[in-house]
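Chemist: Below, each chain spelled out in residue letters.
Protein chains: 2
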Amino acid sequence: MSESDIELPRGTASTDSESRLDEDDRLRPEFVRRVMDHVEAGETDAARALVEPLHPADIADLFELVDSDERRALAIAIEELLGGDVLAEMNDHVRDELIDQFEPHEVAEVAGEMETDDAVAMIEDMEEDEQRAVLRALDPDDRAAIEEALTFPEESAGRLMQRDLIAVPQHWTIGQVIDYLRAGDDLTTDFWEVFVVDGRHHPVGTCMLSWILRTPRHVAVADVMKREQTLIPVDMDQEEVALRFQKYALISAAVVDGSGRLVGMITVDDIVHIIQEEASEDALLLSGAGEGDINEPIRESYKARVRWLIANLGTALIAASIIGYFEGTITKMVALAALMPIVMGVGGNAGTQTLAVTVRALATNQLTQSNTWRAILREMRVAVLNGVTIAILLGVGVGLFFLNPILGAVIAAAMLTNILIAGCAGVMMPLALERAGADPAVASSIFVTMVTDSMGVLVFLGLATASGLVG
Amino acid sequence: MSESDIELPRGTASTDSESRLDEDDRLRPEFVRRVMDHVEAGETDAARALVEPLHPADIADLFELVDSDERRALAIAIEELLGGDVLAEMNDHVRDELIDQFEPHEVAEVAGEMETDDAVAMIEDMEEDEQRAVLRALDPDDRAAIEEALTFPEESAGRLMQRDLIAVPQHWTIGQVIDYLRAGDDLTTDFWEVFVVDGRHHPVGTCMLSWILRTPRHVAVADVMKREQTLIPVDMDQEEVALRFQKYALISAAVVDGSGRLVGMITVDDIVHIIQEEASEDALLLSGAGEGDINEPIRESYKARVRWLIANLGTALIAASIIGYFEGTITKMVALAALMPIVMGVGGNAGTQTLAVTVRALATNQLTQSNTWRAILREMRVAVLNGVTIAILLGVGVGLFFLNPILGAVIAAAMLTNILIAGCAGVMMPLALERAGADPAVASSIFVTMVTDSMGVLVFLGLATASGLVG
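Just so you know, the sequences run in chain order A and B.
Here the first sequence is numbered in the UniProt record's numbering, starting from 1 and rising by one per residue.
Here the second sequence is numbered in the UniProt record's numbering, starting from 1 and rising by one per residue.
Simulated from the structure, these hints should not be mistaken for lab results.
Possibly wrong hints are sitting among the right ones.
Since copy identity is lost for identical chains, a pair holds within one copy or between any two.
[Claimed, not checked] Computed list of lysine to any residue pairs in SDA-like fashion (alpha-carbon distance at most 25 Å, straight line):
#: 1; residue 1: K332; residue 2: L50
#: 2; residue 1: K303; residue 2: G397
#: 3; residue 1: K226; residue 2: V197
#: 4; residue 1: K226; residue 2: G184
Note that the coordinates shown come from a computational prediction; the quantities given were computed from them, not determined experimentally.
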């Protein structure tokens, strides 16, 4: 490869990289098609030449973008480019499907190239006997590291951490640290901070490499290091780890076992996709779309979503039976049947708004016991403003259209009440679930819709009956 | 302060830090109360002693957690602890409210301590005349840097970047780089990578500090650096910057101007909160909750949400007028009025599920032109499975309950049709908006609800009429 080829920096106006990626760093459809045309025609050299300049993350995207039945052929064609770095970047479902077609010793070979955390992520979802076969084919060091990681709970810090890190004794000078780093041949090369430990291998501080570079050799490392450090317990849930990285703007953090010994490190690049996943799952959880991954097998998507729709069916039946109870009222004035979905629908939407805000504030630790009452009060004040506005618009409109001021007043009162109920349920329900130790996003949306649907019709048809509107 | 005080690492079993933070790194309500009791009693020394050991991010949280009218007193009590590092971590709304009470020269003093990007974030939302007063009070270097940053569009890379970075010529050796880093007194101390530039100050590569530390002095920096680098154009939107950091697992990246010159750098700790914000905004956008920040002024929340509810009212009127059209049918069989919200509601929910999945796949660049048809097909297959399941359950249930198989068949057919329509609208609408260059989350949810509401009743009441059910 000529030097001009490698020197082209990604993201600049190189026509070469522009023909592969669009302005949003997505692989262009024409490029994807071109690669697959070569693959289908058996022109593996041409396919490889196209794929080779891509970043591993883009090669992973390529596999995700092509159809499920094309992936195997692509994998065979560009075999030597399909390394651990590519598999580490690949969507879980696509990767699982792909490695199902590999022999255990092939999986082991790739796992050996990967960092422990990525290898664990690849192996943890395999069938138990295949997993054992892969572990047997690994070299003893890698096997020990992966087996140890697998002893920690899923989605815990122990599975995310790397064991390769730099730890130095606290009595060393900067000069000793530099000499150690320059001499040690088998040390890891990718690290951002050096951990300083005491005699019991407990972390006592961290030192950014830039400080080491900028400090005279004779200074003790203990005098430059930052003593305030954020330690991650090995069994901490990855969501908490992500929040901690985010809150304290960490680049890397030491992972400690139950007795406080340094056992690994987590770096921010391993955590960024977890921050993204955890932050974006609320929209999916609130709508009951499960994992919501477009690469998820259809059967799993179906199972996750239909469960939610059945629950929704159940809550809708409650509203339906309330309406059924008011059959006599509706018979006398069919317009009520046309108007009641408005009260239900707009109320439900107001509830979802409050719910989305509350769930997000809880997830980002912005809403704690200290400001719970303020948050409730705040949502109720917004609900009053919204309720009054919508009630006036709807009440006046309906009153004029039907030339029936009582009907206008009834629907306005019902609308206002339902928006207040929606605000109340939307803020209280996730708070109650959080207090009870449950995920505030999962069950609250079904509950809030149930409340706004049934209360909406109950108040509307109840008022219509009681007001003598249909007398 | 005694040494044992500072040596306590956060996150370990120190009773001291445990009394301040709970297991999720949130400030304990008792601690917040204790601080505010001291503040109210005028015991500023005691308040300061409690707050001093906190991380700046936790001091910022403290301000967010106390009531709006307590913040000023807290700020006065712990004045010297309220530095640029704390303000940089603070919620925008809380910070804006707080600095409104400062004199311009006080704001300038704090801005002088901050990194350019944080100072810009603090100043950019001020009134124009106050902003000018602050800029005048800054020292000329800081002023120039901030004024230059303000020339870039809001939410662009130019506003996020820091100007303090390390750039070295490509012909240097590792030894020269190390000597330069150790000698330069006015260099920044917080950096993770060194940028290598050519004679025109164009970046040609980056070098991790760990590589510099681990390479012999005589080697040329051009031989160790990574040539494939991700460059960020200075006018790139922050959402794109965040996606790029995430995709390529970057720690820092060079920012270049229109002519390709290195003008700044962005580090991952500045981008993590943007990744979080961009990822979590879908739930808020889909529900029409605007910015959805619990610290947002009530009037702004009201304005954002009521606009959405009014739009929702409009779409609900469409469904209402369709129902009105079938008045005759409903009069003959009032049970239809009780059942139609089920068809509308469950259909709406199925649409929201598809919508949430599609919007997320678009936001994370997982769904591109290459796999659009596969995604549509996938959603339709899930819709068929869901639709058939729910239609059978509902149809059989209704048929048995009302002892009316035709009614069961009508509602089953309507339910199936509506779930299919919901799946279709839920996947097509965001795709169409994205293609048109609009944000797929914002308008699609209103549209999908409108479709499922009005099509639901149309099909249900239409079939009920046409089937001779109410003949």
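Chemist: One pair to classify: K226 and G184, alpha carbons no more than 25 Å apart. Within, between, both, or neither?
Modeler: Classified as both; 24 Å inside a copy, 22 Å across copies.
Chemist: What label fits K226 with V197 when the C-alpha limit is 25 Å: within, between, both, or neither?
Modeler: within (12 Å within a copy, 31 Å between copies)
Chemist: Give the relationship of K332 and L50 under a CA distance limit of 25 Å: within one copy only, between copies only, both, or neither.
Modeler: neither (73 Å within a copy, 68 Å between copies)
Chemist: At 25 Å max between alpha carbons, let me know whether K303 reaches G397 within a copy, between copies, both or neither.
Modeler: between (43 Å within a copy, 21 Å between copies)
The structure is inconsistent with hint 1 alone, although it conforms to all the rest.
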